[in-house]
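So the protein lines, in turn, are chains A and B. Here the first sequence is numbered in this note's numbering, starting from 127 and rising by one per residue. Here the second sequence is numbered in this note's numbering, starting from 132 and rising by one per residue.
Worth flagging that the hints you see were computed from the coordinates, not collected in a lab. Every clue listed holds true.
FRET-style restraints, in silico, Cβ to Cβ: (1) B:Gln148 / A:Asn134: 30 to 40 Å; (2) A:Gln168 / B:Pro149: 18 to 28 Å; (3) A:Thr156 / B:Lys202: 30 to 40 Å; (4) A:Pro143 / B:Pro212: 44 to 54 Å; (5) B:Ser138 / A:Arg184: 28 to 38 Å; (6) B:Asp187 / A:Ser154: 12 to 22 Å; (7) A:Gln168 / B:Pro212: 22 to 32 Å; (8) B:Pro149 / A:Met185: 38 to 48 Å; (9) A:Gly227 / B:Lys209: 27 to 37 Å; (10) B:Ser189 / A:Glu142: 39 to 49 Å.
Stretches of chain B that chain A covers, calculated by requiring three or more beta carbons in the stretch to come under 8 Å of a beta carbon on chain A: (11) 172-182; (12) 233-240.
On a predicted model such as this, the values are computed, not experimentally measured, just so you know. Glycine included, C-beta positions come from ideal geometry on N, C-alpha and C.
Here is how the chains run, residue by residue.
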Amino acid sequence: DAKTTQPNSMESNEEEPVHLPCNHSTISGTDYIHWYRQLPSQGPEYVIHGLTSNVNNRMASLAIAEDRKSSTLILHRATLRDAAVYYCILKETSGSRLTFGEGTQLTVNP
Amino acid sequence: EAGVVQSPRYKIIEKKQPVAFWCNPISGHNTLYWYLQNLGQGPELLIRYENEEAVDDSQLPKDRFSAERLKGVDSTLKIQPAELGDSAVYLCASSLRGLTGELFFGEGSRLTVL
Numbered sequence: 127d128a129k130t131t132q133p134n135s136m137e138s139n140e141e142e143p144v145h146l147p148c149n150h151s152t153i154s155g156t157d158y159i160h161w162y163r164q165l166p167s168q169g170p171e172y173v174i175h176g177l178t179s180n181v182n183n184r185m186a187s188l189a190i191a192e193d194r195k196s197s198t199l200i201l202h203r204a205t206l207r208d209a210a211v212y213y214c215i216l217k218e219t220s221g222s223r224l225t226f227g228e229g230t231q232l233t234v235n236p
Numbered sequence: 132e133a134g135v136v137q138s139p140r141y142k143i144i145e146k147k148q149p150v151a152f153w154c155n156p157i158s159g160h161n162t163l164y165w166y167l168q169n170l171g172q173g174p175e176l177l178i179r180y181e182n183e184e185a186v187d188d189s190q191l192p193k194d195r196f197s198a199e200r201l202k203g204v205d206s207t208l209k210i211q212p213a214e215l216g217d218s219a220v221y222l223c224a225s226s227l228r229g230l231t232g233e234l235f236f237g238e239g240s241r242l243t244v245l
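One chain only, chain A, in its complex shape (with noise of 0.2 Å):
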């Protein structure tokens, strides 16, 4: 499985957008790139996903790099309820495997 780097925490303050970065320069033409989200003593919740253009949805918005070789996940406005740990994965196509990393953990300050 080709493999993502993020750093392993970042802090942000409350009303204000994040930009999580992850980078992932052996990614394959046929990766998708997943980031889930999760939330203390909860299971993983899915957030967004991309393969080439960049995508919004009302959770957060995507952007891709150009060579794919990287990616940020952008959260708008950042609440309490942000604060989680962020998984950036890359997902081959239909029936592969999702690989978690260790992920960034966003802490939220009021």
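Starting from the known structure of chain A, arrange chain B on it as the hints suggest.
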């Protein structure tokens, strides 16, 4: 719509005892996963089912772990006998087979082996 349901939520046992975890996936989801999560680490895949067939069990320690998914719906993960190092959270997830296959996770079963 109900999410992925796991039980028990918490389990404390002594080493060498058996333990079983149960998972009910989202209705209609044909793919089911069991993950193990140690404290401070990301989840690690143990086994993946497509319907009732285990298609990826390379990470399952088969000497003491077993899993089944009868009729391609509910699944059970068993450990016998449990060891101290098995203390962890066991997560179940399900998804629809497809190009991107978003995974839906349950809350997990936290196992403590004394």
